[in-house]
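Since the structure of chain X is already known, use the hints to place chain G on it.
Note that the protein sequences, when read in sequence, are chains X and G.
Numbered as in this note's numbering, the first sequence ends at 165 without a single skipped number.
Numbered as in this note's numbering, the second sequence ends at 1421 without a single skipped number.
These are calculated hints, taken from the structure and not from any lab test.
Label-pair ranges, simulated between beta-carbon atoms: (1) G/D1151 with X/E44: 34 to 44 Å; (2) G/P1054 with X/R19: 27 to 37 Å; (3) G/N1003 with X/K15: 32 to 42 Å; (4) X/R103 with G/G1359: 23 to 33 Å; (5) G/G1379 with X/E108: 33 to 43 Å; (6) G/D1317 with X/E108: 24 to 34 Å; (7) X/E107 with G/A1126: 29 to 39 Å; (8) X/E44 with G/G1359: 40 to 50 Å; (9) G/A1018 with X/D155: 34 to 44 Å; (10) X/R103 with G/G1109: 51 to 61 Å; (11) X/E107 with G/A1034: 56 to 66 Å; (12) X/P21 with G/G1379: 34 to 44 Å; (13) G/L1091 with X/A62: 29 to 39 Å; (14) G/A1126 with X/P21: 17 to 27 Å.
Predicted, not measured: the structure shown is a model, and the values here were computed from it.
Beta carbons are placed, not taken as given, at the ideal position from N, Cα and C, and that holds for glycine.
Next come the chains, spelled out residue by residue.
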Amino acid sequence: MAFTLTDEFKQRAEKICARYPRRDAALIPLLLELQREAGYVAEEAMDALSGYLGLPYSRVKAVVTFYTMFNRVPAGKYHLQVCRNISCHMAGAPGLLAALRARLGIEEGETTKDGLFTLSAVECLGACGDAPVLQVNEDYFGRVTAEKLDVLLEDLKHGKYPSTR
Amino acid sequence: MENILLRDKVRDLEGYFACGGYRALKKALAMKPADVTEEVKKSGLRGRGGAGFPTGLKWSFIPKDAQGPRYLVCNADEGEPGTFKDRELLLKNPHALIEGMAIAGYAIGASRGYIYVRGEFAAETALLDKAIGDARAKGFIGRNLLGSGFDFELSTHRGAGAYICGEETALLESLEGFKGQPRLKPPFPAVKGLFAAPTVINNVETLAAVPAIIERGGEWYASIGVPKSSGTKLFCVSGPVDRPGVYELPLGVPLRDLIEKTCGGLKAGKRLKAVIPGGSSVPVLTAEEALKVNLDYDSLAAAGTMLGSGGVIVIDDSQCMVKLLQVLARFYHHESCGQCTPCREGCGWIEKLLDRLEGGTGTPADIDTLVSVAEGMTGRTICPLADAMAMPVISFVKKFRAEFEAHAAGRCCPPEAAGKH
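Chain X extracted, bound-state conformation:
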């Protein structure tokens, strides 16, 4: 599958590159931009970006595989990420994960057949005062209870994206 960087993307990319004395410092911000548009970073996108920045493909791939936020396969419309670190663990993260596995019929790292939900367990999200914390795409939802989870999932299924704060 051919992948070309759009002119619109390149215009934004030039502005980002201009923040640094070396263009390659823009690699991570540009990968985040690509992921925001496509939901993941495809091999072809890495290839296109390495050409654009004049970097070896291996450098781009090394970065993409090092950082946990980059998805290398398409994620669902809603990426549900449950924090499972110490504070969230004590506040019931294992139960939250189990409930999501049961409700969605998928394991961690999988996506529902309708392409709506991807489930992941993640490490500390830095919002421990609101434990247990669930991240949906780029938004945090804190103090998640079984009831709140039910409402959230129903809302998302019906295309309603709740406000976070």
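Only chain G this time, still in chain X's reference frame:
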């Protein structure tokens, strides 16, 4: 006492300015850069990211005769488990950070600053970008700040999910567009940092304290708190307390007051079992130790632990210490960058040993192996991630050995207490 950092009505530039914001910048720009650093030294401000290194001293390490660009980097890669103070500060008082960076940039002669924000903080980054834009529109950021002839350009830079990037040289690697693997020191960043130029890296909370220090003087700041631990600190309390959250208190307050008064004590029916006082990497305290200690650098060191990031993790008696250590081991194993063998292999072995103990197939010898692996990792790696794994292991086993022995004897926690791994 009044809060210096977590204040109300300062979220936007108008509110911040109305409360006296950016006056410190004006004052600093009329001073000699070396005098600004001297004032920060006088304040006794120490790095709030975890290491507690004196801030003014760190600034003074920039070689005076260094030619070419210099950089100021703010570490907003908040990821130490149990820590959520910088996020709160960014949301409530972003201009204190921006003003603090302009002042720090002037002091060290850096005309370029970057705020490295953890990747997950997308909303916080957008808010910071707006705040920087607002400050630029008023001449607080950009060319010729307030007509002083000093230029300071500032932008945010998002990470992409890697705990290790909180370590300052890993952060620099990441900011340059590489994998976040820590660098060997020396050379230290003050000599050869970002893009091989002299660089100062400070935590959000550290930089946000700078405007108040310049405006009201180093001596005033040093009068708050206790000797060698001056000023206020953000403590973020998580765990089963009535009111978890971020609180600003003078250094030196009793941990007992923080838990019982500020946070309203433990939730009904819960009893205190242990406290990790400074983020998951520092040694754990038993309830008895926790209720006696004060929250300052020296008191916590005397109690065998550290102030760290100020992430206070409260643990109650329904929790299994073996399970909690397993949770931490999984984290450190996952986050080890893989560069140094003792860390890469050691974290993995510790996780495996804990999986065995937690799963009911461990032996008493595994407990000693845990400690010996942890001791073998300590001080033998490029960065402190290995120590950050070893300290909880050694302290958990030492202080709660009976729970580990019970697991080795086949008396594991019931599945509902252990949770699914």
